[in-house]
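Undergrad: As a plain string of letters, each chain reads:
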Amino acid sequence: MGGPVLFLILATISVFAAVSMLTSKNAVHSALFLILNFAAIAVFYLILNAPFLAAVQITVYAGAIMVLFLFVIMLLGAEESAGVLSTRTGQLTAGIIGAVLVVGSFIVAVTQMGGTAPASVVADTRPRTLAVILFEEFVFPFEVTGVLLLVAVVGLYVMSRKLTNKERMEDA
Amino acid sequence: MGIAGQIALQTLAVAGIIVFVVITGFAYSTLLERKLLARMQVRVGPNRAGYIPIPRRGQSERRLLGGVMQPLADAVKLFMKEDLTPTHVDPVVYNLAPMLTVAPAVFSLAVIPWAPRIPWLWELVPDYLGRYEYLAIAPGLNIALLFILAITSIEVYGVVLAGWASNSKYAILGGIRSTAQMISYELSLGLTLLIPVMIAGSLNLNDIVQAQIDSAWFILLQPIAGILFFIGALAELQRAPFDLLEAEQELSSGYNVEYAGMRFAMFMMAEYMKMIIFSAIWATLFLGGYHGPFLDAAPMLGPLYLIIKILFSLFIMIWIRASWPRMRYDQLMDLGWKTLLPIAVLNVIVTGIFIVLAEEGVFDGILNTINGLF
Numbered sequence: 001m002g003g004p005v006l007f008l009i010l011a012t013i014s015v016f017a018a019v020s021m022l023t024s025k026n027a028v029h030s031a032l033f034l035i036l037n038f039a040a041i042a043v044f045y046l047i048l049n050a051p052f053l054a055a056v057q058i059t060v061y062a063g064a065i066m067v068l069f070l071f072v073i074m075l076l077g078a079e080e081s082a083g084v085l086s087t088r089t090g091q092l093t094a095g096i097i098g099a100v101l102v103v104g105s106f107i108v109a110v111t112q113m114g115g116t117a118p119a120s121v122v123a124d125t126r127p128r129t130l131a132v133i134l135f136e137e138f139v140f141p142f143e144v145t146g147v148l149l150l151v152a153v154v155g156l157y158v159m160s161r162k163l164t165n166k167e168r169m170e171d172a
Numbered sequence: 173m174g175i176a177g178q179i180a181l182q183t184l185a186v187a188g189i190i191v192f193v194v195i196t197g198f199a200y201s202t203l204l205e206r207k208l209l210a211r212m213q214v215r216v217g218p219n220r221a222g223y224i225p226i227p228r229r230g231q232s233e234r235r236l237l238g239g240v241m242q243p244l245a246d247a248v249k250l251f252m253k254e255d256l257t258p259t260h261v262d263p264v265v266y267n268l269a270p271m272l273t274v275a276p277a278v279f280s281l282a283v284i285p286w287a288p289r290i291p292w293l294w295e296l297v298p299d300y301l302g303r304y305e306y307l308a309i310a311p312g313l314n315i316a317l318l319f320i321l322a323i324t325s326i327e328v329y330g331v332v333l334a335g336w337a338s339n340s341k342y343a344i345l346g347g348i349r350s351t352a353q354m355i356s357y358e359l360s361l362g363l364t365l366l367i368p369v370m371i372a373g374s375l376n377l378n379d380i381v382q383a384q385i386d387s388a389w390f391i392l393l394q395p396i397a398g399i400l401f402f403i404g405a406l407a408e409l410q411r412a413p414f415d416l417l418e419a420e421q422e423l424s425s426g427y428n429v430e431y432a433g434m435r436f437a438m439f440m441m442a443e444y445m446k447m448i449i450f451s452a453i454w455a456t457l458f459l460g461g462y463h464g465p466f467l468d469a470a471p472m473l474g475p476l477y478l479i480i481k482i483l484f485s486l487f488i489m490i491w492i493r494a495s496w497p498r499m500r501y502d503q504l505m506d507l508g509w510k511t512l513l514p515i516a517v518l519n520v521i522v523t524g525i526f527i528v529l530a531e532e533g534v535f536d537g538i539l540n541t542i543n544g545l546f
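Top to bottom, those sequences are chains A and B.
Heads up, the first sequence stops at 172 in the numbering used here, and the numbers go up one at a time, no gaps.
Heads up, the second sequence stops at 546 in the numbering used here, and the numbers go up one at a time, no gaps.
Isolated chain A (complex conformation) (with noise of 0.2 Å):
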């Protein structure tokens, strides 16, 4: 399906996306660039006969984590602030760990050229099929997925939980 003709428009909206989301300066263009990407991505699943994979992308990136995003941008008033990227050690340090990304994902890119995902299994999208899936075959990273997304809400309420009369006083 699709062809390299759709490859190409797709590739070049992308990769244009994410350039764009480093070199703007104001975060909500960022933000607005990321989520782009983040849509391109989604086509690229459904090109690689994986629906489900392109609905949840959509939903979960582009959709649910992007808005929160864009809230707290736009809450804390964030536009074009200078950051850490303008001192010269952040900009080692993020050059660094771009180059080691940039090779790793060149070397597992080759090395495993060729490898065919299991598209039928993605492609398949009775409920139940999905369902024995996440349950039965990779139920224990979806339960340590939850653990983590559990913790990091047990996390937030602690920290912004009313402080008691009590607490107030010891921390006074």
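Since the hints were made in silico from the structure, they are not lab data.
Glycine included, C-beta positions come from ideal geometry on N, C-alpha and C.
These stretches of chain A come out as covered by chain B in the derived footprint (C-beta under 8 Å, 3 or more residues): (1) 25–37; (2) 61–67.
In the DSSO-like style, the derived pairs of lysine-lysine whose C-alpha atoms are separated by at most 27 Å in a straight line are: (3) B:LYS207 to B:LYS253; (4) B:LYS249 to B:LYS207; (5) B:LYS341 to B:LYS253; (6) A:LYS162 to B:LYS510; (7) B:LYS341 to A:LYS25.
Starting from the known structure of chain A, fit chain B onto it as the hints suggest.
TA: Using the frame of chain A, we list chain B on its own:
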């Protein structure tokens, strides 16, 4: 022309007709709302633009269907307005926001099933619909319900960005309110969407409609889920009584306060299109979709039944707006998180248990007794 060209042409034709019908429907749903609201408040409503004069002897003429051209007059007025971009805004995002609001509203239209196989239509566009058993813009998409969820989750961007880009207090307050509200209600909405999937065992909307034709409309099997979905949809649409983000008294209409002309109209358009589309989804999931009497003999009745159900749902939405006061912000959050979400979670658990029990054959005895009675 190759087969791909044929498919593209036929898709464009079918999709074009459906989208045109819904956009016209949007224009007339504004009129429906104004007329109905007026009637419920003992007013007349718009009655000047366009009418059919019926002369009466000795008296002034009788005016039939008064106000039938009102949407057209509104559109002309809005087109004539100056398309201005205030100087204090972020121009790119400001101009992008109305489009980001309208586009998702139109996207969800792609997966609504309108009718079962209609023989003459299938002969007309064989390359496009030939492989499928039902009429929809994208009949091949088997994850229709997830697609709707995905679209719902990106719908919020238009409003948020409009609020932010306007660079004005009222607008950003409206935008922030809407984000919080939509995130809160998306959860219970998603959980109620699960119920039809669990009963029908498929994410395809046509399979869900077929399951309702085989058993009963899901509003009868699952009235709680049906009502929860409707409330969640109202909150997601930001209709009264959940229209806090455009509270005129507090925010002077909120996120769209800096917009004028056609850009303002696009927000209105998105709101009414979303009303129609959520009604269509509600009808498809809980009211049997295109199902109705004599459907087997005349499949062309399918779209008609769906439109009747959409009108019914629109009527309830307008009725609620006419009779319900706006909720306070804390009441809204309490309702979303402390009432709707627990009910939705419990409903999913109980439904799951019942489905498993039914598959294990626990209810066979009861069903046999009931069947024995008739």
